[in-house]
Structure formats: structure tokens, C-alpha cells
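Novice: Below, each chain spelled out in residue letters.
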Amino acid sequence: MDDLLSEFLTETSESLDVVDVELVKFEQEPNNAQMLDNIFRLVHTIKGTCGFLGLPRLEALAHAAETLMGKYRDGAPVTPNGVSLILNTIDRIKDVMTGLETNEAEPAGDDNDLIEQLEAMALGGGDVAADTGDAPVSAETTDDPPLDVPELERELKPGEVSLDDLERAFLEAEGPDLSLPEPAETEAAPADVEAAPVQPEVAAPASADAAPAAAAAAEPQGRAGGSESTVKSQSIRVNVDTLEHLMTMVSELVLTRNQLLEMVRRINDSEFKVPLQRLSAVTAELQEGVMKTRMQPIGNAWQKLPRIVRDLSIELGKKIDLDMSGADTELDRQVLEMIKDPLTHMVRNSADHGLESTEERLAAGKPETGKINLSAYHEGGHIIIEIADDGRGLNVDKIKSKVIQNGIATEAELETMTPQQIHKYIFAPGFSTAAQVTSVSGRGVGMDVVRTNIELIGGNCDLKSEAGKGSTFIIKIPLTLAIVSALIVEACKQKFAIPQLNVVELVRTHANSEHRIEQINDTPVLRLRNKLLPLITLGQLLKLSDEEIAEIELQSDAETPDVENDQSFFVVVIQVGNQSFGIIVDSVFDTEEIVVKPMSSMLRDIAMFSGNTILGDGSVIMIIDPNGIAQEFPAQAPSDTEAAEAELEIAHASEQKTALLLFRAGSEEPKAVPLSLVTRLEEIDVAEIENSNGRHLVQYRGSLMPLVELSDGARIKSEGSQPILVFTDEKHSVGLVVDEIVDIVEERLDVELTSDTAGLIGSAVVKGRATAVIDIGHYLAEVMGNWADTAEDVALAKNPKLLLVDDSPFFRNMLSPLLNAAGYEVTLTESANEALTLKQNGAAFDIIVSDIEMPGMDGISFAEALQGDPQWGTTPLIALSSHSAPQVIERTRRAGFFDFVGKFDRQGLMESLKECERKTGVAA
Amino acid sequence: MSADTNISAGATESIDDDASSVEYITVTIAGQLFGLPIHEVQDVFVPDNVTDVPMALPEVAGVLNLRGRIVTAIDMRTRLGVAPTKNDTKPMAVGIEHNSESYGLIIDKVGEVHQLSQATFEATPSNLDPRWASISSGVHRLDGDLMVVLDVTKVLAIGDALIAA
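Keeping their order, the protein sequence lines are chains A and B. All the letters of the first sequence, read from the start, carry residue numbers 1 to 924 under the working numbering. All the letters of the second sequence, read from the start, carry residue numbers 925 to 1089 under the working numbering.
Keep in mind that the hints were calculated from the coordinates and are not lab data. Check before you lean on any hint, since a few could be wrong.
Each computed DSS-like pair below joins lysine-lysine, with the alpha-carbon atoms no more than 30 Å apart [what the hints assert, rightly or not]:
#: 1; chain 1: A; residue 1: K767; chain 2: B; residue 2: K1014
#: 2; chain 1: B; residue 1: K1078; chain 2: A; residue 2: K597
#: 3; chain 1: A; residue 1: K292; chain 2: B; residue 2: K1010
#: 4; chain 1: A; residue 1: K493; chain 2: B; residue 2: K1010
Since the structure is predicted, the reported quantities are computational estimates derived from the model, not experimental observations.
With the rest of the complex left out, here is chain B:
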């Protein structure tokens, strides 16, 4: 909790140089904290009634109807190459729009919104798993935690990654 207060304090300080500060929505996948730039995120929802798409890439969890739009759900655990969760807790999804198509990133849980200054930002560590490195744009050093920044474009470049591999 103290970490959170510190962050918000830090955020108020850094408001002056807002050019370099970005708001992130934090999510947890397999115990790791990730951040998505908030302007990329449309909504947060509970994925329900997901239709499996046969023959699709394993990362594609399926498609679902979100208020009349068809959303392609991406299983972030598969995307990151971690084992599927054994918990019974309902997963959450972060809705994003990319090239005017709707996607939902299925994650374990959604945290809160942080405004972070560029000062805590660092490039992706070179020893990170290439699978992880390929979809992150860097890391924010938070108090007591590290937040991996997800690059939405790279996250959704599933097919391309396959070709590259």
C-alpha cells in the first residue's frame, strides 16, 4: 500500500513535466505486473461466452460479443509462454482497439492506474526471455515492484512473431 501512495505522490510531482509522464493501467499476468498505456485501453471487462475459433493460433482464446462488437480475445498467458492458471478466479480482459479492430487481452487481474514519469523508465533488460522482450517496450522501476510496459502493437503481432521464429 505504501508503494501506491508513493507512486501517486510521485505522480503529482511529475505533473509539471507531463510531456514525459504516461498514465498506465496495471494488470497482473502470472504474478508479474504489466502496464498498458491508458490511451490504448478502451475498457476493462469480464470475458464471457468466448467462442473458440478452430484452426486459430494458440494465442487466440476465441471471439466474443462485447456490446455488439466482435472482439478477438488473446490469451496473454499463452502469449507470454506461461502455463495456464490453475486458480478458479475469473480472468479479466483489457479491451484495446488496434487498426480499427477490437481485441481483448485476457489477463489474471486488473490493478490501478499509475501516472509514471520517464525517470523510472528503462529499456527492456537484455537477459529477458525473448518472448517477453518481443512484446514489451521497457520496464518501469516502481517501489518494490517492476512493471513491464506492454507494447500493444507487438503484442498483437502474433502471426509475424511466428514467421520470425
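Excised from the complex, chain A in its bound form:
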């Protein structure tokens, strides 16, 4: 296409968008001369350019519209009909432009209908003529839906001007030249203050007879620009393809950097480390910068909404006020493109179904004008968009009957649901609340399509509704799609990436641990915080070759404990929309920032994958599409998101709070242990308890489990059932005899240490009562220690020396007996500085376990201080932290930690220590 023509199309469509918005505003404030000036000038520009390029149809249309606006500027009363007529003209211009874009020539057609109306209205000077024009106008509105006009979306914001244009404007503006058809380029400059020297000519025709405008040419420009808060003073126009290409290249750079990092990670003590770190930082910054160029204010997706709402309010006979806030919230243009239609649909929906008719509103004692509030803001890595109306709210009974009628759920199922859960059915496929099909919405394209579109880009929808007060739709979407953080997992020896966005948590399962995969008719499920989570095995789902093996391992349940049984699995808990499920994988690696590459068209119909990517080691892996996997599960009743959120909060709360199991044993005073240490609560029949060599034993899961009594605690009952707490360490379990399990509470654990009473860490105030915190390690050591002497797998020639750095006395006291029991010679320090003093004194350790969050020098600085140290530089470090955010984990790894373990993950710590030994040759 001719460069000049394509530039014209781009500019004009931008101008038209502005005109659209401004006209609607203008209608509200007919006395705003500046606004009118701005519109007039834009239309005038279009007219001038069309003449210049030889486009008679467009020129005639623009001219007629300009004439009518000229009348308004001269003081003719502004009428809705007149504005409608001009808007229709704009639509027609857009139609012609679409033709122009595809055929490079104006499509044939006759615009006399519109031109005559415009002229008649201009001549008649207002209402009288307006009435004659009314009927055809509204016919036009429906014939000619403005939405269908494909728009050119460019990087520049409306009213902005490119530097090129400016430059040309300067070159061409050689002297005062008041002839009307200005060269196209100069006229697009209204918003730019820097264009001031050129402005007098540009503004001249517009401001000639508008009294206030004569004051200063620069002033109205400033104002016009000011109406768009996002307008920046300097910008250049860049082709989207160029940006896309840049993005691709940066993505490649990120991949290469990851590859390098991976390589250097394997080489210890490499001279590349420092420059690579620099490269890494620069790459990250570059990536961020390029991402920024792709960012667009969400307002760009909203541009058409005022016009749509205005047209709707006329069509539906409702008074609607659209209020938009946060229009300058930025998000990736790819995401922007994808939410445009769903957003439009939702706003239409609010206007059509959400808001009552004017009479209903008055009857309900509400203000006549209905309000739709559209707002956007950032929250974490997401953008939240809310569409709120103050209409009638969702009608639960209507939804119910519709749900039953469409066979989505049964009456009995609905009975048990909360109104919130019922509301969610409007997102269900095959549901549309529209009792009546209007031209606006209710064409069978319901909210489910909206939801699907939003979930497609990894977002989700939620809604709140109150009868009579209105409804609010909340959309949460990611900022960008191009680079995502993903969890790398392995199933049947093959790696896959799962987008972190959908991962709620990770659960490690083990046949003997608190989390154990259970089966109902061969269907795996997991008990997670008092709920059953449906599970699916990734290997089986993807029909990977090893499926039989995986299945056998899963089925070998508690009754037949064997070596196979000891294999642990990971369950990746996924949330897609309202649906939660777990994916069973063999192992989990770290999280990586991956660049999503689309699947080749040949593989695109595999629903399980959303794309593929190249990992740091150069291999290609598939990116799992949680939406695709969710479809493997029969649709669940929409769960109450609040409950899901509460569940999430519990998961997060454990970061600050400790779940404690309260029980009574012996005395009346409650006792507590951290719940995470407890493997299971059991009640056993006293009759099953056997005595052997002065010890109480019970057969438990196929092996003998010793029972221990607290020093001052409960004695085993003489009959009935005996509650015990089961603690498991590796293969051995110990049962702690208690009288009664009282409660499970989440408390900030503030332990006051007491005297050296064996088996007691100290006391804490739990639920307002002084509670003794039991030192499980003591009891474990009591039993395990005995085993250690005999069992060969724990037998030691020499105890490896372990340094534990933790500022919390509670943890020091809890961990040291455990570590002792595991065969380590433990040295405790309260701070990193203390540890460094030990180093200076020449102490040597085989392994160091350090807390991350410590006052003074934290764990990361500690690790960095040790890196390259001649004495301790090679000693493996394990990080302990209550924060498990991927960034923290990544930081610790970068700082030189061998592994990262959650603070309460005792099992994890033991495994990590073992792993460490294997790798470094330290034997325990």
C-alpha cells in the first residue's frame, strides 16, 4: 500500500476514535467551546487530507459533518439527534476507510442520504431539521453497528503526534499560510505543546471565530491534550512488527542467558560468574524495558465504550452514566487485544441486564440515572478490572430455574448451595440470563464465552451481587503472556512446564506421611485441609510409556509396605477458575522464567499443551495447559471462591503463624506440638498394644511402632481406645500417648524457654492459656537413638559436623535433637556473625544449615560471604526459610545455597541433608 495512504489511514482512524469519544462528552457539555474546537479541527483535518489524497467520498462526508459542527460553533443548539447524525457520519467514514484499506480505493457508494440530512440540519439550524433527520438516523444506527469496523490499532495514543510528522510540519510551515487544506501531517499535531510554532496556522481556521481560542494558540492545545491524562510529550511511532521482533529477540536473549547460567551453575568457581551476573542483570532490565514498550494503557480498550453506552442508553431508553477510572493502567498489548471483546460484552451486559429501566429505578427509590463503574488497577503481577453497576443485582431464583431448565444442575444440588455459588452459574456453558433477546446482548453468546476468553489468557472472573443493589464483575488477568514463570516438573522421565500462575501449592506425598495419595476405585484423591482434592497422574494423562509402573506404585497401599512404597510423589495443586485439582508428578525442579513459544500448527490441537519453550539446558519442553487438563475432570459445581480463598489464606498464613496441635496428656495443662511435625492422629485399641522388653509396641502399617509416654504425661489406658500422635522419621514411626486431642489452632508461636526439663521446649500462650510446647525431638531421639545403635543404615563411623544458624531459640531447640538423632554432631549459633567468628577460630563443618531471615546479617549475605572462602567456601549450605516464594528460592540458590527447605519441612530437611551427603561425599 502507498505509504502516504497507509499513514493517512492510521492517523485518521486514531482521529476518528478521538472524535467518537469527544463527541459523546461534548453532548454532555454543549457549551465547551474547546472540546468543539478539537472535534472540529480533527474533522477538518480529515477533510483536508481527503481532498489532498483525492478521496471525494470521504471529503464530502467530512465536509458535511464539518458544516454542521461549524453551526454548533456559531452557537446553534446542540441536539442528541445532531450528535447522532455526526456519529453516524463518522461510522460511514470508518466504513469507507475499511474499504480503502483493503482495496486501496474508495468503495463505490452513495452518501447523499447522510449529507442531505447533515445539510438540512445545518441549514435548519437545529431541532426542526433534526426531527426530519431522526427516523433515518436511528435506522442507520442499527444497520451500521460501529463495532464491526475493524480498527487500526497503533502504538500512538490519540492526539499524540509522531516526531516525523512534527519534523515535516516544521519543514512545510515556511510562512504564514492560511489556506484551508493544510498538508495532512501538520494537522495531527494538536496535542503537542512542542509544536507551538506551527500551531498558529493549524489552529487558525479552527479558532478564527471562537472568541476564547484567540487568547493563546498553545493553551487550547494544552487543554485538549490534558483531557487524555496518558498523553506524553514525546513519542515516536514504531511499527508493531518491529516491537514484536524486538520482543522475540529479547526472549531469545533470556533463553541464552538461562542456558549460560545453567552451564556456569555446574562449574564451580568459574571466572565467568561475575560478568555473567552482570549480563543477567542487564538482560533482565532489557527484558523489562522491552516489555514496557508493549504496554498500553487499558484505556485503549475502553475507548469505544462511552459511545457504545451512549448508543445503548438511547436504544434501551435508559439513562446510563459510565464512569471509568484507572484508564492509564498498563498491560501488554497482546492481553489488551484479548480482553477487548469480553470487556465490551460485559459492559453491554451491565447496561442491558444489570440496570433496570428508568421506571423500575424510580419505583425502587433509586436515582433515575443508572451507573456503570469501570475500573482497573494493578495487584501483584495481575491487573484487576471491575465492572460494577448499581442495578437490580442477580436474581437467584431466575438463575435457579434456568439452571434446572437447561439441565446444568438438579434442584437438589442447588438447594445446598449458597447464593454466591448459584450466581456463578451465569458463567456456566449453555447459560444465558437474557429472558428476552434484545439486539444488544442475549444472542446466545453468554458469560461463559467471556469466561472462556479470559481463562484462555490465564485470567479468571468472579462476581459479587446483591439483590436490588447491583452486581460487580471482577476480572483478574496477567500483565503479559510472552514470558511466564513456570514450575518445571518431571513425569516418566520427561520434563514439563506448568505455568506458576495456576499453581496454588505443592504437596509432597509419601505413603507414610501426613499427605498420602488415597484411591477410590483406582481414582486417586488427596486429603488436603479437610477437603478431597481430585488427582490426575500426569504420566497417565499424557499416556507416557511408564504408566504401568506409576500405577503399580500408587496402588501398593498401606497394607503392603515395601521398598516401592517409599517412593514419594509430588502433587501440584492447580486452580483453574473455580476448579481445583492436583496433578501427580514424579519430581519437581525449580521455577524458571520461560518464553512461551506457540506450538506448531500440527500439534496445536493437543489440548494438554499451551505451547513449548526452550529450557536453560537447550532442550525443548512442553508447557502444560491447566485449562486443558481441567477439562479432563467433569465440570464441578462452581465452588465458593471465598472458601477457596480462605483455604489459600490458610496456606499463606502458615508463613507467619504456626499450626499447633493442642492435646492433654497427664496434667490438665494443655500441651502443644507444631502440627507439621505430626504425621497422623490415630486411635488404637488398647488390646492391640503389646509389651516387649519394657516397651509398649503396636502393630502399625505392617511394622511395629513403639509407643512413648510423656515424662509427666499420660499413661496408656487400661481399656478402650487410646489416642496417639504418630511421628514418622524416615521408615520409623513413634506413637506418643496422649489423653485427649483438644484442638488445632493457628497461633504466632512465641515460646518462652523454661528450665532444662527434658522433652519440653518451653511454654507459650496459646488461646489465652499457658501451654507447654513439647520437644518431639527428645522423644524421637529417645527411640530413634536406640535404633541408631543397632540399625545398620543409621550406624556411623564418624558423625558429620553440622552447623545450625538460626536466630529463633525455638527452632534451634526443635531441630538440634532431630539432627542429633539423625546422626549429626550439631553446633548451634544464634547469628551469622557468631558463625563467622567460629570460622575465624578455625572451626570446620561438613555441612551448614542456615536460616534466611535473621536480624543483622541475613542468610543470603551469610552465604555470599562464604562463597569463595578458603575455609568454608566448599561446605554445602542448606537454607531454611518460612518464605517459599519462588523469588526467594531463586535468590538463595544464586547466593550459593545447595538447597532450600521450608522451616517446618522436617522430612524435606532430612532428605536435603542426605542429598547433600550423596553429592559431596559427606557420610552420615
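Starting from the structure of chain A, add chain B where the hints point.
Specialist: Using the frame of chain A, we list chain B on its own:
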């Protein structure tokens, strides 16, 4: 060898009417000589570190990273319905670009480039296995050998073939 010299001699002769002569890169799959129009071929490489794609069509051998691009590898033996090779020799792959996507056709070995005139070209014999016929555009009669011309578009129309079948 003599066949090759003849061909190159033939090629020099036919340069005059270059409109009807096409350069082919020859490959061998299960002992049969195939030809791919050279303008379709981007590169020839040894497929390494191929990642299996679960749930994919059997013809898809997997995906691999070729200098930062993700290439979908097609197992030509499966595509032609012949048994997988028992030899331990490393397979080769011919990289092609189709609809701006990268594919790699995994073949047994790559031969040389021939410039062939239209005179030796014939339509696919009617009695050829339909599976073979569906992906070839014709046959070149070479001295002592027949070269089946692969039609890249048809080779990659795997899904469509399934629907048709």
C-alpha cells in the same frame, strides 16, 4: 557413480531451458531415493535431543531446538508406513519451513543435489501405495534409479490425511 556423472552432464545440457529444470536434494528413506525441491529445504542437520510430544500423531517424532528455533520433527518412515530402521546409524533431518513454521523431516540419509529436467519427470504411477502417492508429486527417471519427488505441503498435511482416511 557413473549414474551421477551422467546426471550432472544432463544437468549442464538442460541449463538452457532452466524454466523446466528443478534442483533437488536427494534423501534416502528405507532404501528408496526421494527428492525434495531445493528451494524448499532450509538446512540439513542431525536431529539431536528430540523431545517426545505426548498425545501427538505417531508421525510426529517430537520437537527439538535448532539454533533457538523450535522444530517439529516428522518421522518420514512412519509417514510412509515403513518399519522403523534397525540400523544404528544416526538419522538425518532435512529442515523445511512451511507457513512460517519450522519442520524437520527425519530421513535415513542425505544424498547430493541434482538438477533435473522436466523431461525425466512423470506422474506418480497409479499403482503406488496410496500412502506414498498422497505425498509425492511425481517420479523422476534417473539412470538406474527412480527418484520420488516429495511434495512438502502434502507431507505435512498429516492431520488432513487422517481425516480423509
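Novice: Take the hints in turn and mark each one as holding or not.
Specialist: Here is how each hint holds up against the structure:
1. A:K767 <-> B:K1014: violated, 70 Å
2. B:K1078 <-> A:K597: Holds - the C-alpha atoms of K597 (chain A) and K1078 (chain B) are around 25 Å apart, at most 30 Å.
3. A:K292 <-> B:K1010: violated, 53 Å
4. A:K493 <-> B:K1010: holds, 24 Å
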